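S.K.: Protein chains in written order, with numbering that gives the first Met the number 0: chain E, 0 to 653; chain V, 0 to 376; chain A, 0 to 137; chain B, 0 to 297.
Hints listed in this document are in silico derivations from the structure and should not be mistaken for laboratory results. It is possible that some hints are incorrect.
[Said to hold, decoys possible] A few chain A residues facing chain V, derived, Cβ under 8 angstroms: (1) S26; (2) K52; (3) L56; (4) G57; (5) P98.
[To be verified] Taking lysine-lysine and the DSS-like style, the derived pairs with C-alpha atoms no more than 30 angstroms apart in a straight line are: (6) E:K397 x B:K118; (7) E:K380 x B:K191; (8) A:K119 x E:K109; (9) V:K8 x E:K610; (10) A:K113 x V:K124; (11) E:K263 x B:K189; (12) E:K25 x A:K92; (13) B:K191 x E:K348; (14) E:K107 x A:K119; (15) A:K38 x E:K590; (16) E:K229 x E:K294.
[Stated by the list, open to error] Label pairs and their calculated CB-CB ranges: (17) E:D429 x A:G69: 40 to 48 angstroms; (18) V:F148 x E:I428: 48 to 56 angstroms; (19) V:G147 x A:G69: 24 to 32 angstroms; (20) E:T605 x B:E128: 14 to 22 angstroms.
Source: prediction; values computed, not measured. Cβ atoms here follow ideal geometry from the backbone N, Cα and C, with glycine treated the same way.
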Amino acid sequence: MTNIGVYICHCGTNIAGVVDVEALAKRVAKLKDVSLARDYKYMCSNPGQDLIRDDIKHRNLDRVVVAACSPRMHENTYKKVLASAGLNPFLLEIANIREQASWVHLDKEKTTNKAFDLINMAVSKVRMDEPLTSMSANVIQRVLVIGAGIAGIQTSLDIANIGYDVVLVEKEQSIGGRMSQLGKTFPTLDCSACILTPKMVEVSSNPRIKLFTYSEVEEISGFIGNFKAKIRKKSRGLDESLCTGCGLCQEKCPTRVPSEYDEKMGKRKAIYTLFPQAVPNIPVIDRASCLYITKGKCGVCKKVCPVGAIDYERGDEFIEEEVGAVVVASGFDPFDPTSKEEYGFGIYKNVITGLQLERLLHAAGPTQGEVVRPSDGAVPKRIAFVQCVGSRDEHANKYCSRVCCMYAIKNALLIKEHHPESEIFIYYIDIRAFGKGYEEFYKRAQEKGIKFMRGRVAEIFEEPASRNPVIRADDTLLGMVTENEVDMVVLSVGMIPRSDSSRIQKMLGLAASPDGFFMEAHAKLRPVDTLVDGVFLAGTAQGPKDIPDTVAQAKGAASGALGVVSHKALLLSPLISEVDERLCRGCGDCKDVCEYGAIELVTLDTRKVAKINPAICKGCGSCVVACCNGSIKLRNFTDSITFAMLEAALGGAL
Amino acid sequence: MKQIIKRTKAYYCVECGKCSGSCPVARVNEGFSPRVIVERALSGMKGEIEGDRELWTCLTCEACTTKCPSTVKFSEFIRGMRSSAFNSGYTSRCSQGGLLHSIQRVQSYRDLVQNRLQWISDDLKTSTEGEVLYFTGCLPYFENLFSGFVNPLEIARSTVKILNKAGISPVVSPNERCCGHDLLWTGNVETFQKLARLNVEMIKESGASRIVTSCPECLRTLKLDYADFLEGTDIEIVHISEFISSLIKNNDIKLNRAGIMTYQDPCRLGRHMGIYDAPREVIKSMGELVEMNKNREESSCCGVSAWATCEGNSKQMQIERLIEAKSTGADMLVTSCPKCLIHLRCAVHNQIPVEKEKVDIPVVDLTVAACRALAGE
Amino acid sequence: MTEFSPRIVAFCCNWCSYVGADLAGTSRLQYPDNIRIIKVMCSGQVFPSYILKALELGADGVMVAGCHIGDCHYVSGNKKAQERVETLLRVMKTLGLDPRRVRLEWISASEGVKFANTVKEFVEEVKELGPNQLGVRE
Amino acid sequence: MKEYAIFLGCIIPNRYPGIETTSTSILKDFDIELLPINGASCCPAPGVFSSFHLESWLAIAARNIAIGEETGRDIVTMCNGCYGSLAEANHLLNGNKELKDKINDILSKVGCEFKGNSKIKHMIEVFSEDIGVKKIQEYMKNPLDGIKVCTHYGCHFLKPSEIKKHGSSERPKFLDELVRATGAESIDYKDKTMCCGFGGGVRARDIDVTLDFTREKLKNIISAGGDCIVDQCASCHLEFDRGQAEIKKIYGEEFRLPVLYFTQLIGLGIGMGQKELGLTFQNIPAESLLDKINGRKK
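Work the whole structure out from these sequences, hints included.
M.R.: Quick look at the structure:
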């Protein structure tokens, strides 16, 4: 037996001024299954709420319709009333007779009629609504952080310091990321290592952070609160537990190859650490250049290792970790300017990239901080910086990389301060000095005599004898084409997504923005969230940004992840889709339309049927419509409910 | 209910269970048993039957009727009970969110002016009046909804082409309505009757003395369920397979060889109307016929009837049928019902539970195959 | 003879269009009372059959309103709604039903004015079309 | 046997017949035949003409393509200018139905129809793609080891790169590779991809500007130590050859840098003589180069 109670709110005169509430109540009371209909001045007030509560208890109401303001205002208030009276809160419907009737129409009779229809529709729906209970899912209270550059480091430290466990996975053999490659940082000119290395040490000594270096996350399954990650720990060619980091092996290794970490500006050994302060301070054997591995000769490292840690044949290990949230901080790659052929990178020795210059300027870099030109090792006296290489360019990347203006100015200043006699030119189209203290920094560079040339460099050619690059550019301020012979050119290359970002994107089911970086859930209001619940973004994986912005976002991502893992369990909305396994044909059309990956096909006896993960489903109903034979329904938004509401909506007289 | 029991001879039931044993649904759906439904009816449980979702599961394929030693007309019985349930406020499910039944119901409005003849291309000859009327059925609507994986209007075009070849320019009426088969079989008798009346008016206006259908459901409905409405007229109603086979017999058309074929008997054409030989003769005249194990009276169903019974087990039945067809070694599976075609194609749409090779056989409508094989075309 | 007053049903998505309608209310924007709103979670949740059923039941116009393309709360539900309405329009064309009785609109939560104006426009347009023939029962 | 329709243009038949004869005779050795296009007119010049009246330019170019298409073969040009006109017209017309109809309307008056079925190719493509560097290398009887060549690609074959799509337009390689196949060394020089000075109607409008370009290029080549310039365009060829004579006359400056079309260089490598190569028709003598080749042998 269905007993529906209908409560019509006057909302002072907001509703009652236009709608004849008393007549309406009388009409409504005659509707099928409606056992009582009352009107009251302010239904949301305490006495109003008590009215409903008492009726549920004493008049045995089992469903309630409140005709009042928009459900966006007080639906939750009334849900609580139902719950407090022991009735399932999903057996409530709101007829929005204020925003949709009394506030938008003037004719008393017509508006009252419309209000009746709206109530009738709500009655038709509530009659068929099902009682629902929110499910809860346990949360694994630890976070996986992918990438241990400054973003991943900051996120991990924040989470660990608040008291939650972190699994931090870094692809390279040491943590530190791109920031560790940099010499100094703008606009304060702090030495990058001086501010980064203490944080790196903090990571390695924090008991809440489980660190995997030289490792990659290969697979992630599960959903918010319950992810499972498969991590490949690549072989370093030695037993890490034995290695003391004494460095003897590196010293004695006879092989020297160009160092990737030094952007090919210096050499490294076949067994090597990236830099002296590496965390962990354990070397890796490069299998491609190791003489023992490639030719079966040498074996010096094994001979000299005092603890016998070297193990050439050691294989990769696989580890599984369970986490409740994931932060992706996988960083960026520098743009490769080879494709901008007019600049001759890779052809002219004295044309280098900004990141190569960083390595030269780095006190622990291949030249111990002295800038020399690659062709002859001479100290360049005239240096030109070329801005926007690969950025703001329809033929390469359309976006602005946000850091190149400032790093070029910073490096120009560093060189100028070290060699005041040198002449430095920065070819730009706009200088974007948008951050705190950046414009002042730019001004300082101008005052120091760095020459800012407005014009995009058309081409670079080389004087064969001197190997001096010559810059040809339109000086748009002078209005003339200029040729400028310099000792060295630095291309200010921008940022592009990491080469493996599409793999990570697929693995996690993330979306990518048109620029190829991972897409945030909302450009303004959810900048660290993704469309996959429980997965957050930090740093340049989301788009080009500088260190201050990266750290800020990393802290945001930490708070996002903590928002998940600080709960023992998650309450899941029960307003989701549901599969009737008997009807399901297992065609997978629903799976194809689900934007959240909430649906998978599972085997049931000999059949395949769709299964919806209630923790992932958002209740949008897309799958319901995609299903050809009605095997999926969206709870309390079923076809029959809609049809009943349509009948109620169209049955009334106008 | 008593009347239904009487009309369908349900009281003859000896509860032997032969029906459930031969039922293609019961084989895959444990909850469904024709025997149990009849037993319940006999013990007067009207409300339970009307409220039972299994009432809508029966495919009315007549596999049980054919076998029943007591000649209980189970399909008729189900139809009667559905009508009774419909009047008590229960409705069947319908694929596509109810869209198909809705399209059919809309056609029962007298003043409707449809655009259902857009498919008639310049090379096809049709008339507004004449002796032969081609009843196209739902094909234009199927084209709207299923053109992604089948080509329903090719059946209509092929039918007219073959009729033209025989020197007939058939009447194809814009005023044709859905025959009402699906609504009748899902209990909506009132709307069925409206449709029947409108169609009979249209048929009478056309002056036709012969109706050709390319759909076995239209054939059954017009021939059997329209009997009362057509009383007093002398109109012959034939399925296109019968028509083509007579053309071949009279040497009016000749078909080229088109390969090895196996044949799916549609339940309405076979068990309902007893037409088994005509389509086979057509096939034999254009190729080699290899039969599946289950054929003629024993033939399995395509799994869905009246757009109301599509379930997980429907797909199982379809997949099994396709495997059976593929294992005959035939080049194609021929059927003579547009719905069999749609359902068997739908079964292999997107994900399938077996290896693709096992069910990888083209499904072709008989008329389309015959039209493609027309000599001299 | 009284003036024809059309009956219009609108399916409004929970996140944009329903909120836009609320804003029209809080802004006290007047629009014709012919419309009845059914809230759906997403415009992509609207089956083509819902629209045809509404017409069958005598609605003179049916509106489906969702978030603007690119703003869908569920990523792409509105794009799916667009495809599905197109399918329905094909069926309606064959059935001989006037496609102008169905209207797909993108109305954001901040577009109270657009909501009110759209309703006004649609009511006027449907008035010109006259009553839905399916609403006239035998 | 492969066949192409050959679009000769104006400069080659009128001023440098050697380019045609050399190319034709070498191609024969590779079993490639060139069919004449009867009634061909000026291409017409890509930059100037099209910027005055696009439709007239298109109509004339389309007519040339149309009569070429009648041979049923792809069309080959030996001049970047001709290539530019025909390729760009082909691209424009095939991508724009309305424009194509309009132009065909004009062409119908002379009984022609542009169909757009033939590809427009350049002689350099025939050599570097159809024949290939490897076969040229094997073909050399008298490899030109020790000869320093400066290549000049010209503009209209490579640019605009969106339409022409021959790979890198900044640092192209195919002509240098072909030069290296003859045994000669291809040396880099400043502003290698710079215009010869001929283009865009400048030569007719302002000879001083034109010759400024030419001088700049010649100076760069000489200072890089080039023995000769090798081009792939009849217009550039004219600019470098005749331009040197004009520079001498007007400015009294003499370069005496031999100018060769790339097939002429290949001809040298198989021992063809000055006369056979048509070098005797040119303004600038090639003796210095021939002496070096011969001297090198002794």
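S.K.: Hint by hint, say whether it matches the structure.
M.R.: Results for each hint:
{"no.": "1", "hint": "S26", "verdict": "violated, 35 angstroms"}
{"no.": "2", "hint": "K52", "verdict": "holds, 6 angstroms"}
{"no.": "3", "hint": "L56", "verdict": "violated, 10 angstroms"}
{"no.": "4", "hint": "G57", "verdict": "violated, 11 angstroms"}
{"no.": "5", "hint": "P98", "verdict": "violated, 11 angstroms"}
{"no.": "6", "hint": "E:K397 x B:K118", "verdict": "violated, 33 angstroms"}
{"no.": "7", "hint": "E:K380 x B:K191", "verdict": "holds, 28 angstroms"}
{"no.": "8", "hint": "A:K119 x E:K109", "verdict": "holds, 16 angstroms"}
{"no.": "9", "hint": "V:K8 x E:K610", "verdict": "violated, 43 angstroms"}
{"no.": "10", "hint": "A:K113 x V:K124", "verdict": "violated, 51 angstroms"}
{"no.": "11", "hint": "E:K263 x B:K189", "verdict": "holds, 28 angstroms"}
{"no.": "12", "hint": "E:K25 x A:K92", "verdict": "violated, 43 angstroms"}
{"no.": "13", "hint": "B:K191 x E:K348", "verdict": "holds, 19 angstroms"}
{"no.": "14", "hint": "E:K107 x A:K119", "verdict": "holds, 19 angstroms"}
{"no.": "15", "hint": "A:K38 x E:K590", "verdict": "holds, 25 angstroms"}
{"no.": "16", "hint": "E:K229 x E:K294", "verdict": "violated, 33 angstroms"}
{"no.": "17", "hint": "E:D429 x A:G69: 40 to 48 angstroms", "verdict": "violated, 28 angstroms"}
{"no.": "18", "hint": "V:F148 x E:I428: 48 to 56 angstroms", "verdict": "holds, 53 angstroms"}
{"no.": "19", "hint": "V:G147 x A:G69: 24 to 32 angstroms", "verdict": "holds, 26 angstroms"}
{"no.": "20", "hint": "E:T605 x B:E128: 14 to 22 angstroms", "verdict": "violated, 57 angstroms"}
When the structure is compared with the earlier hints, violations turn up for hints 1, 3, 4, 5, 6, 9, 10, 12, 16, 17, 20 and for no others.
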